[in-house]
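**Student:** We have chain A; now place chain B onto it with these hints.
Residue numbers (numbering that gives the first Met the number 0), protein chains in the order written: chain A, 0 to 529; chain B, 0 to 529.
Everything labelled a hint here was simulated from the structure, so no lab data went into it.
Since no wrong hints were added, every one of them can be taken at face value.
Residues on chain A that point at chain B, a partial pick, calculated with CB under 8 Å: (1) 185; (2) 186; (3) 195; (4) 196; (5) 518.
Quick reminder that beta carbons are idealized off the backbone N, C-alpha and C, glycines included.
Number of protein chains: 2
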Amino acid sequence: MLNDLAPQTRRSLLTMIGKAGGAAAMYQAMTALGHAAETQFSGPPKLSGARKGASVLVLGAGLAGMLSAYELMKAGYNVQILEFQDRTGGRNWTLRGGDTVTEIGGATQTVGFAPGNYLNPGPWRIPYHHQTVLHYCQELGVELEPFVQLNNNAFIHNSKAFGGKPQRHRELVVDFQGHVAELMGKAINQGSLDTAVSKEDKEKLLVAMREWGALDKNMKFDTSLHVSDRRGYDRAPGGGVNGAPTPSQINSLSDTLDSHVWQQISFYLEYVMQQTMFQPKGGMGKIGEAFAKQVGHLIRLNTRVTKITQNAKGVAAEWTDAKTGQTGTAAADFMVCTIPASVLAQIPVQVSDAKQAAIKALPYAASVKVGLEMKSRFWESKYKIYGGHSFTDQAMSLISYPSSGFFNKGPAVLLGAYAFGLGAYMLAGMTPEKRIEAALKQGSVFHPEEYQSEYLNGVSMAWSRQPWIMGCCAEWTEETRAKHYQNLASIDGRIVLAGEHVSYYGCWQEGAVASALDAVTRLHSRALSA
Amino acid sequence: MLNDLAPQTRRSLLTMIGKAGGAAAMYQAMTALGHAAETQFSGPPKLSGARKGASVLVLGAGLAGMLSAYELMKAGYNVQILEFQDRTGGRNWTLRGGDTVTEIGGATQTVGFAPGNYLNPGPWRIPYHHQTVLHYCQELGVELEPFVQLNNNAFIHNSKAFGGKPQRHRELVVDFQGHVAELMGKAINQGSLDTAVSKEDKEKLLVAMREWGALDKNMKFDTSLHVSDRRGYDRAPGGGVNGAPTPSQINSLSDTLDSHVWQQISFYLEYVMQQTMFQPKGGMGKIGEAFAKQVGHLIRLNTRVTKITQNAKGVAAEWTDAKTGQTGTAAADFMVCTIPASVLAQIPVQVSDAKQAAIKALPYAASVKVGLEMKSRFWESKYKIYGGHSFTDQAMSLISYPSSGFFNKGPAVLLGAYAFGLGAYMLAGMTPEKRIEAALKQGSVFHPEEYQSEYLNGVSMAWSRQPWIMGCCAEWTEETRAKHYQNLASIDGRIVLAGEHVSYYGCWQEGAVASALDAVTRLHSRALSA
Numbered sequence: 000m001l002n003d004l005a006p007q008t009r010r011s012l013l014t015m016i017g018k019a020g021g022a023a024a025m026y027q028a029m030t031a032l033g034h035a036a037e038t039q040f041s042g043p044p045k046l047s048g049a050r051k052g053a054s055v056l057v058l059g060a061g062l063a064g065m066l067s068a069y070e071l072m073k074a075g076y077n078v079q080i081l082e083f084q085d086r087t088g089g090r091n092w093t094l095r096g097g098d099t100v101t102e103i104g105g106a107t108q109t110v111g112f113a114p115g116n117y118l119n120p121g122p123w124r125i126p127y128h129h130q131t132v133l134h135y136c137q138e139l140g141v142e143l144e145p146f147v148q149l150n151n152n153a154f155i156h157n158s159k160a161f162g163g164k165p166q167r168h169r170e171l172v173v174d175f176q177g178h179v180a181e182l183m184g185k186a187i188n189q190g191s192l193d194t195a196v197s198k199e200d201k202e203k204l205l206v207a208m209r210e211w212g213a214l215d216k217n218m219k220f221d222t223s224l225h226v227s228d229r230r231g232y233d234r235a236p237g238g239g240v241n242g243a244p245t246p247s248q249i250n251s252l253s254d255t256l257d258s259h260v261w262q263q264i265s266f267y268l269e270y271v272m273q274q275t276m277f278q279p280k281g282g283m284g285k286i287g288e289a290f291a292k293q294v295g296h297l298i299r300l301n302t303r304v305t306k307i308t309q310n311a312k313g314v315a316a317e318w319t320d321a322k323t324g325q326t327g328t329a330a331a332d333f334m335v336c337t338i339p340a341s342v343l344a345q346i347p348v349q350v351s352d353a354k355q356a357a358i359k360a361l362p363y364a365a366s367v368k369v370g371l372e373m374k375s376r377f378w379e380s381k382y383k384i385y386g387g388h389s390f391t392d393q394a395m396s397l398i399s400y401p402s403s404g405f406f407n408k409g410p411a412v413l414l415g416a417y418a419f420g421l422g423a424y425m426l427a428g429m430t431p432e433k434r435i436e437a438a439l440k441q442g443s444v445f446h447p448e449e450y451q452s453e454y455l456n457g458v459s460m461a462w463s464r465q466p467w468i469m470g471c472c473a474e475w476t477e478e479t480r481a482k483h484y485q486n487l488a489s490i491d492g493r494i495v496l497a498g499e500h501v502s503y504y505g506c507w508q509e510g511a512v513a514s515a516l517d518a519v520t521r522l523h524s525r526a527l528s529a
Numbered sequence: 000m001l002n003d004l005a006p007q008t009r010r011s012l013l014t015m016i017g018k019a020g021g022a023a024a025m026y027q028a029m030t031a032l033g034h035a036a037e038t039q040f041s042g043p044p045k046l047s048g049a050r051k052g053a054s055v056l057v058l059g060a061g062l063a064g065m066l067s068a069y070e071l072m073k074a075g076y077n078v079q080i081l082e083f084q085d086r087t088g089g090r091n092w093t094l095r096g097g098d099t100v101t102e103i104g105g106a107t108q109t110v111g112f113a114p115g116n117y118l119n120p121g122p123w124r125i126p127y128h129h130q131t132v133l134h135y136c137q138e139l140g141v142e143l144e145p146f147v148q149l150n151n152n153a154f155i156h157n158s159k160a161f162g163g164k165p166q167r168h169r170e171l172v173v174d175f176q177g178h179v180a181e182l183m184g185k186a187i188n189q190g191s192l193d194t195a196v197s198k199e200d201k202e203k204l205l206v207a208m209r210e211w212g213a214l215d216k217n218m219k220f221d222t223s224l225h226v227s228d229r230r231g232y233d234r235a236p237g238g239g240v241n242g243a244p245t246p247s248q249i250n251s252l253s254d255t256l257d258s259h260v261w262q263q264i265s266f267y268l269e270y271v272m273q274q275t276m277f278q279p280k281g282g283m284g285k286i287g288e289a290f291a292k293q294v295g296h297l298i299r300l301n302t303r304v305t306k307i308t309q310n311a312k313g314v315a316a317e318w319t320d321a322k323t324g325q326t327g328t329a330a331a332d333f334m335v336c337t338i339p340a341s342v343l344a345q346i347p348v349q350v351s352d353a354k355q356a357a358i359k360a361l362p363y364a365a366s367v368k369v370g371l372e373m374k375s376r377f378w379e380s381k382y383k384i385y386g387g388h389s390f391t392d393q394a395m396s397l398i399s400y401p402s403s404g405f406f407n408k409g410p411a412v413l414l415g416a417y418a419f420g421l422g423a424y425m426l427a428g429m430t431p432e433k434r435i436e437a438a439l440k441q442g443s444v445f446h447p448e449e450y451q452s453e454y455l456n457g458v459s460m461a462w463s464r465q466p467w468i469m470g471c472c473a474e475w476t477e478e479t480r481a482k483h484y485q486n487l488a489s490i491d492g493r494i495v496l497a498g499e500h501v502s503y504y505g506c507w508q509e510g511a512v513a514s515a516l517d518a519v520t521r522l523h524s525r526a527l528s529a
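In isolation and in its complexed conformation, chain A is listed as follows (with noise of 0.2 Å):
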């Protein structure tokens, strides 16, 4: 393994390795050395050349469809994206007050916000390795602020825990890895894992076990200020003659376990959710609006496409105004879709039965947030919490409290559902009136008098009901990937998809423009070769 080697040979390898293989053999042994793991992100694609007079058309203006615009351009094709909003972004959105959100069935809402609070009704949050996006925003001006993920003195409800009564995250984790480690470290000592352990690995196993459960002297978890430095205290310490504090009273295994508390441990370690992570200042919709600013001037917007052909000079698409009812068609040489396969099934495309399959094959999840303007940042002046989720077995899921204005007064929003599968398709099914009664009285067991006294207004975002994607984002499976994924991805005579759904990264922007990188770079390397 080149891990093993000395740093100056490990150098003078990857030197070597640099000018003998190219980026991919390069690349390929700096993630052997540990270095490049994190993304498949190695810079921005240069592309140059294009043939003179070569043109491209993109549909769809969210992050895919202006990303793939945004490095044709450069390149030097013509460009030109039909968009079927009214406005560009896509799911990269973000909601202000007076703007408006219109679904299926023609319920319309206008967000009622004060000026600076908002709500991103689609993607929020930014892990640190989702290196594309990160690399557009600086290179766009997109400017990042932290988003606040772990939040130790958050909530957890479980409505058959506790009787209903939610608690703070770090009481029950701490409950959680001393009861673990006082288990353990009886099955250690009855010699119960003798076959499975060495004799060697079981003294540092209870060592382990003592520290990270926090145990005490006998191997115990038990109510102590030891444990209690851990899971905060019933009187906190403070100064002067009265500073002293006095214990919390620690959960049974059996509570403990009824709030199943390692459902959050877990959800903090995926690899996605974890720290750090970052959001645009002023809302997620900043990145969108960043790439408008780039390739606004090449986008027709209300543009709805009825269908997309191709032969062996180019492809076209003929679409229809859906405001004027004018109709058109647009031609160019090539053409990348980023339509979401939701929309695009239901288009007559001309491409292979195949890559029609795989249209076909995608179903969409359901996904319901919902953001509530208060009237006061209760959470943190009266709860503590700032930023963070609060996490329910409920419907809607979970709370979120913001990562930016802290300390403010005056009005703010929070993330007042986000839910998924069963529970999304609850609240889609209301009026976005019922939504916001359901996720102010499931909120209500964090937040019981507040979200009686402090509530101004909100919005819903029922995804499944937005006419342009009739969903949040594409649901693979292993056996659809198996079955479709090449034939998705794969170029079909002139025509590339690209969006979300044909990446690895699904339901994540950084599937998106990753996606788009690869279908441009390929298109780029097939229009010079045609």
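**Tutor:** Below, chain B alone, put in the same frame as chain A:
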């Protein structure tokens, strides 16, 4: 328990208690309701009505001294502050380019950082429950930003594990949980814990272990994409035709235990180390600077106190001007003494034997910080580490990456060492130049090439060599607390002590300010009853 009452009943009860028993009863009731346990702070003391002409002499212009002066001034006292140093703030200190640090022995360092860069040589982060500090930041207009505490992508280095090669935090944590879960599953399935755990809890524990440990369906922890979805991949997911990820190899139980990763897991679960954390924008020194704006006109700098006396009518402090040699005596009705016990123990003070014994019983911890300015943020651009800490078992203990200025170009400052105990003694015994050499040598385990090619300049702070404190903070033990704490905190005639050493949040700014509030509240009461 109040917790079991219906919300309406609880609210009525609280109103009733509030009317009948006043703030203290209200506070106690709220604690029982789980609303106020994070802190003893319930708002500024709101002192008022000092007797006409009453005066207080404050010794020391750190946070405890300046806050005492600020609140006493507002209450109507004539206040004077004597400060030994030629600056205010005490340990609340931010070093910027051009600043100098002189230590016992005469060595003077001039900070070479570029404009905007800084090192907080003392306190540097504020936990969410340090509500007294957070309150005064708001009151005095100190802007706060999130401090990134937990970064799953930072490193853990143990010289006795992995051949000395640092591992990513996420990899070791996932491997630790996985191996512990697998072993626990074995013990449960063998019936080893049947006497300790009910049948029902056994079933729940097995589910918990499988999910928490990312075990496979056979309850085994093994290399897989499922596990890589947590610990990270050998090849990360991407977009388009080559988007498929490949799994990373898990480490063995033995190797994982050698890393002592449970210490880091435990560290991040310490109540004072939990998220969410904050830091003042521009450096922790902004807090001291904000207090100095309020009480700067009351402060005499460069004033070494040589003797403290009191009698039935008042207090006096004899002093020598450290620059001019001038001597004098400051007198007042009362005194708040915030001089660190390490220094106070060497000054004749007219207090009881018990208080003198308490002052002398307090050793001060050693601590060394090193700041390293680097040409670029290579930890971000190359290692994808944004804030957080990389830990090592070497003397330097950790390096920490800045929580502000993410993605910026140009020079940036790393905390290049934060040593305690033996490590701190070793580093404090060196010249400032040698300390930086040691930090560069030890830190190069994490970033070997960049520590050679990117280093610009550095500065170190050996707290034991700062003449005005001779240590980092007071080290209480259970024994010394029992014997001396109340004697230290009690009012002695007309003198009261304040500072982190007079608190149960020792070594934290919260302790200093909480003790100051307690001290001035008691002193005011004493003054009114005198």
